[in-house]
Amino acid sequence: MARHAELSELKLPDFGSPNRAPTIPPEAYLDRINKLRDKARERGYDSFVVYGDREHYANIAWLTGYDPRFEEALLILDLKKEVKPILIVGNEGLGYTGISPIEKRLRITLYQSFSLVSQPRGESKPLKNILSSGGVKRGGRVGVAGWKYFTDVEVDQPDTTLEIPSYIADTIRRMAGKGNVTNANRLLLHPTDGIRAVNDVDQLAYFEYIGTQTSQALRAVLFGLRPGMTEHEAVRLMQLNGLPLSCHLMLSTGSRARMGLPSPSNRVIERGDPLTVAYGAWGGLNARAGFVVASEDELPKTIRDYVPRLVAPYYEAIDSWYEKLRIGATGGELWKAVHDRIGDPFFGVHLNPGHITSLEEWLSSPVYEGSEERLASGTAINVDVIPATGTKYYTTNVEDSLALADVKLRRELEEKYPEAWARILARRAFMTEELGLRLTPEVLPFSNIPAYLPPFILSPNFSMRIAA
17 MARHAELSEL KLPDFGSPNR APTIPPEAYL DRINKLRDKA RERGYDSFVV YGDREHYANI
77 AWLTGYDPRF EEALLILDLK KEVKPILIVG NEGLGYTGIS PIEKRLRITL YQSFSLVSQP
137 RGESKPLKNI LSSGGVKRGG RVGVAGWKYF TDVEVDQPDT TLEIPSYIAD TIRRMAGKGN
197 VTNANRLLLH PTDGIRAVND VDQLAYFEYI GTQTSQALRA VLFGLRPGMT EHEAVRLMQL
257 NGLPLSCHLM LSTGSRARMG LPSPSNRVIE RGDPLTVAYG AWGGLNARAG FVVASEDELP
317 KTIRDYVPRL VAPYYEAIDS WYEKLRIGAT GGELWKAVHD RIGDPFFGVH LNPGHITSLE
377 EWLSSPVYEG SEERLASGTA INVDVIPATG TKYYTTNVED SLALADVKLR RELEEKYPEA
437 WARILARRAF MTEELGLRLT PEVLPFSNIP AYLPPFILSP NFSMRIAA
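Taking our numbering, the leading residue of the sequence shown gets 17, the next gets one more, and so forth.
Mixed in with the good hints, there may be bad ones.
What the hints assert, rightly or not - Below, a list of computed lysine-lysine pairs in the DSS-like style, where the Cα atoms sit at most 25 Å apart:
1) K55 x K27
2) K55 x K120
3) K120 x K96
4) K424 x K340
5) K141 x K97
6) K194 x K153
7) K408 x K424
8) K194 x K141
9) K340 x K408
10) K164 x K55
11) K408 x K317
12) K141 x K51
13) K432 x K51
14) K141 x K153
15) K164 x K141
16) K194 x K96
17) K141 x K100
18) K141 x K96
19) K153 x K97
20) K55 x K194
Hints were generated in silico from the structure; no laboratory data involved.
Generate the whole structure from the sequences, applying the supplied hints.
Listed below in structure tokens is the structure:
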């Protein structure tokens, strides 16, 4: 019998929330650096440079636990010598390096040009001298990682195209020789070969903590938003606790909602408005979209078939996505699962229907047409299918964070983090028993609104589900 989505009255359980965030032990950071060393040496590099700034913090934060706040930063690995990595920071970063659990295993070095404009200069060595002490030299092969790699569809020479600031890239090229400096982001970011694409038990437990926090915030909005509130008042329902953000918090209504990305404003929310809301912190993001109404009767007559026309087929695509999600699945299988159901131009699914997530919201994605890249145990992934219809039907969205874990990793998680494991099992039970989704054993949901999609925000107890 064909599976179809329907709108049903459901009781969303209280899955609980952790009181304390799991921590990443110092040994894990050292192990990550050593893995990067090994990978870089295999590629023939003599030194490796990792760039970071406030927006592009994740590589350095993942390797060291230090994240640039106001400034730029560099991490330098000398691959020819067994010496401490150099962490180069600006004036304000110098007082913040203690945030790294491995601070004493790093050579902290001040470079004042990484500081904000007009701050003191003149007390630090030239950048070329610092880079030289980290192994960057004439004729040496230097790998550079910032936040993205390129393909020959984009640029003529993707291997030597760098995205980091010119004043840093130019200095490295002058020192090593232009052809010796290459883009090495794939070593970190590639969805199957990158060392950041697979997580250990502590990192997954931290992501579960984050997923719980971000989804609880959205849950509060879904069940508490009322017409007459301003968008800012709606955000106050989230009771945010100060987690570092992976992106700007998004909540918008009315005509602004159709842009998807706006931050909240003083606009008063009106009955009948379209709504989009998303909240992401380091390790997870949740998003929902719908209309601020109690039922289809409050929608304009021309779109009162909003659920059967858009939301139901969308949710059926989500059902297919979850069914295909497993260790060893290819990104192409996930792409096809979505596009077989909502590939019609009306739905406007243009971006990757799913992506790898980490400390940043989007690490990379194996999910694209024809992809043969396979998902591995330890991968954290977001179900992120966005129908941009460009019509009065607006959109719908049920983005959540989750992970894949084999038997060994699941056992580790259960033994080391039993409360997180109990929440995961409860979410799985709700998704399979109440929502009718089909999950393989390796799928670990991190959201406290797992696949819960109320299209009418003023009737939050009515969600989509799959009926056989």
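**Report entry** Distance restraint between K408 and K317, which requires alpha-carbon spacing of 25 Å or less
**Finding:** holds, 11 Å
inquiry  = So if I understand the rule, the pair passes when the alpha-carbon distance is 25 Å or less; does K55 with K194 pass?
reply    = holds, 22 Å
Self-check item: Satisfaction of hint between K408 and K340, Cα-Cα up to 25 Å
Solution: violated, 31 Å
Query raised in the report: Is the Cα-Cα distance between K164 and K141 25 Å or less?
Result: The given pair, whose Cα atoms are some 29 Å apart, is violated under the 25 Å limit.
(message) So if I understand the rule, the pair passes when the alpha-carbon distance is 25 Å or less; does K164 with K55 pass?
(response) With Cα atoms ~18 Å apart, K164 and K55 stay inside 25 Å; holds.
- prompt: Are the Cα positions of K153 and K97 separated by 25 Å at most?
  reply: Holds, because 13 Å separates the two Cα atoms, which is no more than 25 Å.
Inset, instruction - Assess, step by step, whether the Cα of K424 is no farther than 25 Å from the Cα of K340, and give holds or violated. - result: holds, 21 Å
So if I understand the rule, the pair passes when the alpha-carbon distance is 25 Å or less; does K141 with K100 pass? holds, 19 Å
Is the hinted pair K141 and K96 satisfied, with a Cα-Cα distance of at most 25 Å? Distance ~23 Å between K141 and K96 Cα, so the pair holds.
Sort out whether K120 lies within 25 Å of K55, counting only the CA atoms.
holds, 24 Å
Satisfaction of hint between K424 and K408, Cα-Cα up to 25 Å
violated, 48 Å
Straight-line Cα separation of K141 and K97 no greater than 25 Å? holds, 22 Å
Against the hints set out earlier in the document, violations occur for numbers 1, 7, 9, 12 and 15.
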